[in-house]
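Student: So you can see what is in the structure, the chains are spelled out below.
Number of protein chains: 2
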Amino acid sequence: MTLNSQSSTKVNVCEAISQLQILLQERLSTAAVIRDHHAQDESFHPPSAPDAVAFPKSIEEVSEIVKICAKYAMPVIPFGTGTALEGGVNAINGGLSIDMCQMNNITRVSAEDMDCSVQAGVTRRELNEYLRDTGLFFPVDPGANASIGGMVATRASGTNAVRYGTMREAVLALIVVTSDGNIVKTSTRARKSAAGYDLTRLFVGSEGTLGVICEVTLKLHAIPECIASAVCAFDSLEGAVNCVINTIQMGVPIARIELLDEAAIKTINDHSDLGYAHTPHLFLEFHGTDASAKEQANTVQELAAELGGSDFQWALKTEDRNRLWRARHDFAYAALAQRPGSKILSTDVCVPISRLTQCILQTKADIATTGLNMPIIGHVGDGNFHVALSVFPEDKQEMQLVDDFNHRLVNRALEMEGTCTGEHGIGVGKKTYLVQELPAAVEIMKLVKSALDPNNIMNPGKVL
Amino acid sequence: MTLNSQSSTKVNVCEAISQLQILLQERLSTAAVIRDHHAQDESFHPPSAPDAVAFPKSIEEVSEIVKICAKYAMPVIPFGTGTALEGGVNAINGGLSIDMCQMNNITRVSAEDMDCSVQAGVTRRELNEYLRDTGLFFPVDPGANASIGGMVATRASGTNAVRYGTMREAVLALIVVTSDGNIVKTSTRARKSAAGYDLTRLFVGSEGTLGVICEVTLKLHAIPECIASAVCAFDSLEGAVNCVINTIQMGVPIARIELLDEAAIKTINDHSDLGYAHTPHLFLEFHGTDASAKEQANTVQELAAELGGSDFQWALKTEDRNRLWRARHDFAYAALAQRPGSKILSTDVCVPISRLTQCILQTKADIATTGLNMPIIGHVGDGNFHVALSVFPEDKQEMQLVDDFNHRLVNRALEMEGTCTGEHGIGVGKKTYLVQELPAAVEIMKLVKSALDPNNIMNPGKVL
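Residue numbers (my numbering), protein chains in the order written: chain G, 1 to 464; chain W, 1 to 464.
Be a bit skeptical, because a hint or two may be false.
Same chains, same names: a pair is fine if it fits in one copy or spans any two.
What the hints assert, rightly or not - Derived pair list, reagent style BS3-like, types lysine-lysine, alpha-carbon separation capped at 27 angstroms:
id, residue 1, residue 2
1, 364, 266
2, 396, 431
3, 71, 57
4, 446, 185
5, 364, 431
6, 396, 364
7, 446, 71
8, 317, 67
9, 343, 396
10, 71, 185
11, 446, 57
12, 219, 185
13, 10, 71
14, 10, 396
15, 266, 343
Calculated directly from the structure, the hints in this document are not laboratory data.
Generate the whole structure from the sequences, applying the supplied hints.
Tutor: The structure is reproduced here in structure tokens:
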């Protein structure tokens with residue numbers, strides 16, 4: 001079975017677009033500038049523009065759109081904010097990009113149940129700004145101000161996942177439009193359920209290949225009484241990583257524990273003017289009551305001190321904390337700023353925590369052999385780290401070096417019982433690695449894909 | 001499409017059994033006593049014996065068994081400990097029961113990664129006894145000493161889920177045998193992953209209808225420094241439930257918070273000789289460092305006192321704690337003991353926590369109209385509660401009363417955006433309620449089922 005065969009033709013596409021124009025009027029665009037804006041995410045993967053872009057305002061409209069696309073076998077590519085890193089929104093077979101930005105209503109917040117429902121186009125910052133007065137927050141934080149729908153689609157996680165989990169844990173229920181235009185609610189708002197197959201989790205991480213995510217019901221969390229961020233410099237990379245491992249193994253419920261090696265520190269120093277020492281660092285955050293946050297911090301400070309870590313440099317005020325994490329989140333943009341016109345290429349392996357030191361040290365040694373500047377940053381509490389580069393895709397020689405390096409890194413992670421992607425997804429970039437990682441599972445995934453999208457119109461050519 | 005059509009015939013079954021006998025020899029049984037033992041779980045659903053029972057010792061043997069069954073269109077029914085409550089193991093179309101009890105090896109424990117891999121037949125008590133010296137434990141606790149494979153299949157949860165999550169959160173990876181006999185590993189050991197569709201979660205809760213769960217990789221947790229259990233008596237049911245809601249809304253990371261109404265207290269008093277007052281109670285447990293457990297307990301004690309709760313009666317020693325929770329877990333057996341020869345019928349709704357008081361009080365009033373003794377017990381921190389009865393299935397009049405009551409209860413929960421089953425699963429008992437709860441989703445579930453099990457040999461007639 002091949003999942004890439006498309007029966008759409010130019011004639012079909014023209015017909016589909018004219019029907020979509022009747023439905024959406026000025027909210028259907030074929031302008032080159034709009035199509036180009038939807039041709040790629042933030043990564044190095046080559047852009048590929050859709051034939052048209054739709055801006056629906058309701059689930060019912062998405063349903064009508066997909067029905068038209070299904071009739072004409074026109075590919076459907078859901079689009080959030082375009083901040084992903086594996087080419088998932090690139091319209092590699094043409095088709096219709098469905099930009100969810102006008103579906104940005106927060107439809108319900110229940111402070112009592114600590115949950116909310118939002119349309120897919122709401123961004124995580126919009127949601128947290130809206131929630132501020134409720135005493136609740138939505139913790140999943142991939143750095144970029146991604147849309148909630150996009151975060152569902154890629155099973156996003158980020159800095160807070162070590163304590164609060166990923167989108168896998170954050171989503172209670174979804175409303176999706178499937179490949180035939182049907183509107184499907186996957187679950188109720190109950191906190192737990194044994195009611196049939198877990199379709200919610202099936203769509204979380206499906207990268208637009210099984211349906212269009214339109215509405216998301218999310219778990220929220222109480223804003224902790226105490227939020228305390230700290231920075232800790234280490235003598236060695238090994239000491240910093242071992243501190244992370246010990247912290248996790250002690251069961252400290254730390255909220256964030258992020259590694260930046262000396263190259264990463266240099267990158268953010270240059271960009272954000274922070275003046276950190278050029279040594280490996282951990283950026284930390286503790287959540288809890290005043291007493292429990294203090295207890296956690298004392299435990300980690302003791303562990304750090306034994307492993308060559310400095311006294312914590314605290315960021316307790318909101319503006320100081322925001323400055324610290326903004327610097328961390330802007331890492332990718334800092335790397336791009338070093339090489340104007342470049343694109344992001346980020347590796348994304350995740351390994352069992354017992355293998356993390358070995359994996360990072362071997363990778364560091366491997367970086368040295370390439371002669372390239374490749375900073376390491378990572379959500380190390382989960383065993384996930386990135387080697388993030390700014391590249392010029394047209395520089396074939398450099399791209400080959402990086403590609404070979406990434407190949408070795410993925411193989412290293414797989415040998416350590418890890419995964420090729422902790423949070424960025426498969427997109428177009430990791431399809432062969434997925435087969436290498438889970439060969440028999442991929443055959444089951446193909447069966448699921450064919451069952452739910454028999455004509456392969458949903459984001460074709462991605463994941464499988 | 002009907003999922004119940006079976007093309008197996010007596011001739012096919014005889015052929016299949018003779019081939020299975022060659023493969024398994026004395027580990028394939030057609031003895032009536034063995035078949036009868038595999039005809040039902042602990043519930044009131046009518047028994048239905050399989051044609052034969054297999055006792056495999058390895059994943060490869062399960063694969064060979066399923067290949068033979070596939071060849072002869074013989075239904076395959078995975079069997080753990082038979083402690084479920086919705087008839088999931090009953091061989092309603094005959095076929096082969098695969099009893100996993102001889103696949104009971106704990107194949108790997110990594111204290112450093114806080115995970116382990118076990119064969120599906122390992123029970124949760126066996127696992128925790130094995131883990132005791134490692135400082136780790138496996139928290140999911142449905143009461144019964146279920147097999148891990150069975151707990152995966154039903155997406156089990158229980159008393160600890162409010163803090164540690166359900167099997168949905170506990171499972172890192174699975175090895176399953178699919179309907180064609182293929183052996184499929186669903187994920188790696190990485191703590192998080194964005195590598196394709198979440199097949200792990202698809203199989204968790206699939207109740208044997210998509211494949212045979214053979215090996216399970218589980219997250220483990222550090223045994224807390226302090227484990228403190230307490231009992232709190234309340235003046236009113238409303239006060240007890242509101243105390244739960246306030247505790248959850250305050251974000252207290254309580255490990256267990258179980259409601260028993262006065263009828264439930266009377267049942268366990270009679271059985272376990274505990275001498276509690278005949279009023280609603282909460283059974284509580286706090287996990288943490290000494291300081292944080294104390295802080296949590298103080299918070300909940302204050303909330304309870306404001307809502308008519310007594311001073312906590314503490315169970316701090318291991319044997320006292322075990323006695324307390326054994327009494328709670330033995331509730332179902334206590335109910336059966338009141339009516340010798342009876343069977344368990346347990347409702348299982350789960351609602352958003354803001355609706356819990358209303359749902360329980362309306363249900364309590366409804367119970368009064370039936371004239372039957374129906375205790376309420378519940379994992380109320382998740383919004384999940386059971387009305388648990390001992391029934392005589394042949395008493396048609398009583399069964400009709402109970403069935404009507406359950407029907408009203410499920411409708412009440414669905415109107416409150418809840419689910420018909422928080423943890424027991426669909427089995428044969430809740431198929432129509434599943435359609436009522438998630439009509440469009442059921443159609444997607446059927447597509448998945450047909451794709452993965454086109455000949456409908458995997459536990460046919462269950463879930464869908």
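Student: From the Cα coordinates, with 27 angstroms as the cut-off, is the pair residue 10 and residue 71 best called within, between, both, or neither?
Tutor: within (14 angstroms within a copy, 46 angstroms between copies)
Student: First find the shortest C-alpha distance between residue 446 and residue 71 inside one copy, then the shortest across copies, and answer within, between, both or neither for a cut-off of 27 angstroms.
Tutor: both (22 angstroms within a copy, 23 angstroms between copies)
Student: When no copy is specified for residue 364 and residue 266, does a C-alpha distance of 27 angstroms or less occur within a copy, between copies, both, or neither?
Tutor: Only inside one copy: residue 364 and residue 266 sit 16 angstroms apart there, 64 angstroms across copies, limit 27 angstroms.
Student: Evaluate residue 396 and residue 364 at a C-alpha cut-off of 27 angstroms and name the case that applies: within, between, both or neither.
Tutor: This pair counts as within: shortest intra-copy Cα distance 23 angstroms, inter-copy 72 angstroms.
Student: Checking an output row: residue 396 and residue 431, CA cutoff 27 angstroms. Within, between, both or neither?
Tutor: For residue 396 and residue 431, the Cα distance is within 27 angstroms only inside one copy (21 angstroms; across copies 57 angstroms).
Student: Cα distance capped at 27 angstroms. Does residue 10 pair with residue 396 within a copy, between copies, both, or neither?
Tutor: neither (33 angstroms within a copy, 66 angstroms between copies)
Student: Give the relationship of residue 219 and residue 185 under a CA distance limit of 27 angstroms: within one copy only, between copies only, both, or neither.
Tutor: Classified as within: same-chain Cα gap 17 angstroms, cross-chain 29 angstroms, threshold 27 angstroms.
Student: Within a copy, between copies, both or neither: where do residue 343 and residue 396 come within 27 angstroms Cα-Cα?
Tutor: within (14 angstroms within a copy, 71 angstroms between copies)
Student: At most 27 angstroms between CA atoms: does that hold for residue 71 and residue 57 within a copy, between copies, both, or neither?
Tutor: Within one copy, since 21 angstroms is at most 27 angstroms while 51 angstroms is not.
Student: With 27 angstroms as the alpha-carbon cut-off, assign the pair residue 446 and residue 185 to within, between, both or neither.
Tutor: both (23 angstroms within a copy, 15 angstroms between copies)
Student: Is the C-alpha distance from residue 446 to residue 57 at most 27 angstroms within one copy, between copies, in both cases, or in neither?
Tutor: The answer is neither: 31 angstroms in one copy and 30 angstroms across copies each exceed 27 angstroms.
Student: Can you give me the call for residue 364 and residue 431, within, between, both or neither, at a CA distance of at most 27 angstroms?
Tutor: Within one copy only: 25 angstroms inside a chain, 54 angstroms across chains, cut-off 27 angstroms.
Violated hints, listed in ascending order, are 8, 11 and 14; each of the other numbered hints is respected by the structure.
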